[in-house]
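Residue numbers (numbering that gives the first Met the number 0), protein chains in the order written: chain A, 0 to 340; chain X, 0 to 340; chain P, 0 to 340; chain Z, 0 to 340.
Since the hints were derived computationally from the structure, they do not count as laboratory data.
Warning: the hint list may mix true and false statements.
Said to hold, decoys possible - Think about it this way: if two alpha-carbon atoms lie no more than 27 Å apart in a straight line, the pair counts; the simulated DSS-like pairs of lysine-lysine are:
{"id": "1", "chain 1": "X", "residue 1": "Lys257", "chain 2": "X", "residue 2": "Lys44"}
{"id": "2", "chain 1": "A", "residue 1": "Lys73", "chain 2": "Z", "residue 2": "Lys73"}
{"id": "3", "chain 1": "P", "residue 1": "Lys223", "chain 2": "X", "residue 2": "Lys73"}
{"id": "4", "chain 1": "P", "residue 1": "Lys257", "chain 2": "P", "residue 2": "Lys222"}
{"id": "5", "chain 1": "Z", "residue 1": "Lys222", "chain 2": "A", "residue 2": "Lys222"}
{"id": "6", "chain 1": "P", "residue 1": "Lys194", "chain 2": "P", "residue 2": "Lys183"}
{"id": "7", "chain 1": "A", "residue 1": "Lys73", "chain 2": "X", "residue 2": "Lys73"}
{"id": "8", "chain 1": "X", "residue 1": "Lys118", "chain 2": "X", "residue 2": "Lys152"}
{"id": "9", "chain 1": "A", "residue 1": "Lys222", "chain 2": "Z", "residue 2": "Lys73"}
{"id": "10", "chain 1": "A", "residue 1": "Lys312", "chain 2": "A", "residue 2": "Lys297"}
{"id": "11", "chain 1": "P", "residue 1": "Lys73", "chain 2": "X", "residue 2": "Lys73"}
Number of protein chains: 4
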Amino acid sequence: MIRFDSDYMEGCIPEILEALSRTNSEQTPGYGEDVHCDHARQLIKDACGNQNIDVHFLTGGTQANMTVIASILKPHQGVLCAATGHINVHETGAVEATGHKCLPLPSKDGTITAAQVEKAVLDHINDESFEHIVQPGMVYISFPTENGTLYTKQQLTDLYETCRRYDLPLFVDGARLGYGLGSKQNDLTLPDFAKYTDVFYIGGTKVGALFGEAVVFVNDRLKKDFRYHIKQRGGMLAKGRMLGIQFEELFTDNRYFKISRHAMEMAELLTDALKEKNYEFFYAPQTNQLFPILPNEKIAELRKQFSFHTWCKTDDSHTAVRFVTSFMTPKENVDQLINAL
Amino acid sequence: MIRFDSDYMEGCIPEILEALSRTNSEQTPGYGEDVHCDHARQLIKDACGNQNIDVHFLTGGTQANMTVIASILKPHQGVLCAATGHINVHETGAVEATGHKCLPLPSKDGTITAAQVEKAVLDHINDESFEHIVQPGMVYISFPTENGTLYTKQQLTDLYETCRRYDLPLFVDGARLGYGLGSKQNDLTLPDFAKYTDVFYIGGTKVGALFGEAVVFVNDRLKKDFRYHIKQRGGMLAKGRMLGIQFEELFTDNRYFKISRHAMEMAELLTDALKEKNYEFFYAPQTNQLFPILPNEKIAELRKQFSFHTWCKTDDSHTAVRFVTSFMTPKENVDQLINAL
Amino acid sequence: MIRFDSDYMEGCIPEILEALSRTNSEQTPGYGEDVHCDHARQLIKDACGNQNIDVHFLTGGTQANMTVIASILKPHQGVLCAATGHINVHETGAVEATGHKCLPLPSKDGTITAAQVEKAVLDHINDESFEHIVQPGMVYISFPTENGTLYTKQQLTDLYETCRRYDLPLFVDGARLGYGLGSKQNDLTLPDFAKYTDVFYIGGTKVGALFGEAVVFVNDRLKKDFRYHIKQRGGMLAKGRMLGIQFEELFTDNRYFKISRHAMEMAELLTDALKEKNYEFFYAPQTNQLFPILPNEKIAELRKQFSFHTWCKTDDSHTAVRFVTSFMTPKENVDQLINAL
Amino acid sequence: MIRFDSDYMEGCIPEILEALSRTNSEQTPGYGEDVHCDHARQLIKDACGNQNIDVHFLTGGTQANMTVIASILKPHQGVLCAATGHINVHETGAVEATGHKCLPLPSKDGTITAAQVEKAVLDHINDESFEHIVQPGMVYISFPTENGTLYTKQQLTDLYETCRRYDLPLFVDGARLGYGLGSKQNDLTLPDFAKYTDVFYIGGTKVGALFGEAVVFVNDRLKKDFRYHIKQRGGMLAKGRMLGIQFEELFTDNRYFKISRHAMEMAELLTDALKEKNYEFFYAPQTNQLFPILPNEKIAELRKQFSFHTWCKTDDSHTAVRFVTSFMTPKENVDQLINAL
């Protein structure tokens, strides 16, 4: 069985395993205050082209999302997001469990626009019952989105400007950030995220690490006391160096970008093959998550050899499915899938 | 600098690193539903001598504590614990952040008694304002305690019976469980914990793993839907197999017990040396955390070579310190410390 | 200015003022444990034709909603409701502040159906990522709805049966219960609510009282310890008798039903007049909240004499407005409005 | 049976009942935005000698405490208070239910000192594990305390200065503020509270009203959006004027102070009689709560005619009890109690 279910099916880049072995008997302080975390933070600052950011390492995406959001909002505030956003759909109410409502905006492809954010804020301000309604307190977007789509630089800067105008911190969930940056269709850079957001995270779990996300605070006002929040929400690893070591390896020799590019090359091969066979896509194929629409018999046939998610029926005889490539996807696997298509 | 600060200063047992390398290119489902997690669960059931337990893997102690406690209590209930308990002191209010009060009971050495629990429950029931007071809803103890001390089998079964009488789930924080089980002074076994508690966890982070705790539900009534809680509290690792692989290795060939015993041998060497030199102990030396009382000049001298925590002043010229050995502490390090004492 | 804004614009029925004066110097125990509360609870049991219910008095609707919901749900559960439901829209995230997500179902007129509830539950159960999604844990409906519409007996019993099948407590927000019961179009009785729900509340604030809601627990399993929850959520009045006295007066001589009927007669007069003038309604006029669609110039004209809410634009020259009658609305006021129309 | 149990056993001052009748048919906007609330706010500003305060009306003490505290603290912060403080003992964990730990300081008589607050803050800052410990985020005191004792002006200003130094908002629970102000032993004024605190509340429930507390924000930085918090926590009365009308009456003609003085005269009569009979007091008799130590037989005898709380055993034959006078206590009742003593 060859798996295209998701990008968290395998382990990590070999350099991480080597580094874990090499450093195993070192004695270091705990809780992220060791030399490896310090070094990884510096490498990320360099890659972001911004020495003024704060970098923290957390163990997973849901944890990063809820910890960041809960650290920013006041009790009466909620977080604007796409209705399809991970926090609104697939985190078992983690944000609500910290006391805050997700404020979903309609979205066809996973993205939301500056105009939608502005309208939501103005609708709130202009509602005569405004104090009876959750106040929009920040904006959450995913890059790439849960549907594999991207924001352009223009879209991101528009959102950021709107957020500035209404004093709303902009938070980017970058669980698959590498794959977004590595897409040919992308015009954003890592330094752009360290400029046009208030806080974002660089996903490691799905991009080369065993686990771990690097949360980057850009806005000075939000930085204070974040380590307390990490500890309170259960995200502070005693052997914090496990995260430092992994991000050290990912951000050495541009590996984070190279392995992301590999996943994208695999996705591009697959996209080209699907297009050639005249399959349509449910969402525009922009990153490592592809949503082709296949005939049901074809799906049944593929299932004998491959595992992948079905997304939704598109008509009685067709279904959109999801194929995901990763930093470790071998070209042979993609070739086999292409042959089987 | 040789570190006796804590038991999370080094990496993990070498078998874990080997297994991570060996399994790195395997493709497995995520979120703890892979073969390694399944196997690790079976190994733990076997080690517990109880096939009816539920085993879940979480990434850290604070996370395990808050997730378990929040899954059990109703909103108006709190958790009885030693005033010195980790949840009451060193988790940045993680339990309160889930809406529940810690109900601290006085403790000299980190333990609490069945009689204290019973009194707390009866005081609550008999208070005419009982509905205005947080209701005791469960009991939390640590084994070993934060002060390195142990419960005897009699003390644990007394607590368990009292908890049964008043319908209070008993939860044991086993962050350092191995070291408690490996102590010469201990008369409890792992199967005892799978019999005389409602839920407990087997600490991996401090006992041989890179990170990870195995939460064991003994009481059927508490098992339902726990995976939702793990996800909601940010503890569900996408590459869940990272935890399964680690506990597979720890519970193969009795490694968990052997490495714990090693730490205890190192602690016993040190204890004997300290006793020989007539140093007194602030808490009875029972596990891998030792709290000798040293002259302040001696401490200053040791600091040049060793790092360790000071605990509290005992008089103007003496201070209790904490030395902690781990599964990886080399005998040379202990010898050097003994020589320096 | 004559106000048709809402049903909470005036004071209370005169009998309550008399009773407050009559009892003012009595000394009674606090927190709802006085003779007036006891008597009121008995009157409500009698009116419900069910001696097995538990009755509690809270001070307002949002408080009743959040206290009941938080007392029922487990942390990973949410509450199914109409997207238009008060808890989802107009309570500043009170439910989320207790840690739970509102799970909105689409609704045109404020009602939801048994089929929608069943689909939501099955969708959840059948989702392969179910543990990553908030679990439906109960159902909330409003009777009458926020749009002035009603459930029929068939619709309520269908919902109740579906809730039974999937073990979901059914909670009815009865902030305006009297007006629903007093509608000519209604076929439900108070005893029906004490039979086909798990918990509901009888609104006092909008139906004759100065303030106060009577929460009625029908389902034995949900009754335990509710007074703790009231206290914890800030709803337990020290001079609890204020609530008992009010419900004593409301449930003496069928006053609750008589005054509700008065409001409905006023609403019916107005409905008839609006229909006669060929105005259309945005929602079916069933209770004391009427949503006629008026020409914008007519609205501007009415505003000189009357205050009321605009609901939404229906086209460039028309707007739906809301007129609300209450237990105290004088017929002269309605006549004046009819004349002005 | 004559009750000295508490100061919430009777109704309200007659002027409130008259005003409720007089205003009953008025139509006013809801949620505290009516003319009576506006007028009451102005009267309180005048009484506080501070036109820059914000005044909000809530329905009860627990609600006021939890709403204010939750509006101020960030998730990782707790509230310093006396171990005996109402929020720590008698509010069913309402503060914890909003996610925050109460940080109790030892207290013999219900008061805490500026030195204690400073030590708690410094202990936190200087703890090497500070990020693992709840951060002190504000200070809560009660005036008078739960033990009937008072802070002097010097003690209050010391606390306030310490709070300023460490950027900790100081919140005063004034559930019985009137009785504190009305004590002969008191040297503080209402304007002092509007100067030397950040936020406090003027208790109505126990001092002349049917129910209601007036929360006063002094510190500009804390004022923003408080009405959202009131709504979210269930404290916003639809017929908000009920609270406005009551505080209008209490703050007209100095009634709040006159009725408080009456309660204190009754308490002073009783105190003098108790002293004359050589009874000792468990806490210094300073306000309307008196804690004399009585022989057990005397208590049994009194119980036939009077109801009151026992506080605690002081030796085998003596018990401290609590007698409470109120704004409505008739002199005859006190005379009868004195005769019976």
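Which numbered hints are broken by the structure, listed smallest first?
As far as the earlier hints go, only 4 is violated by this structure.
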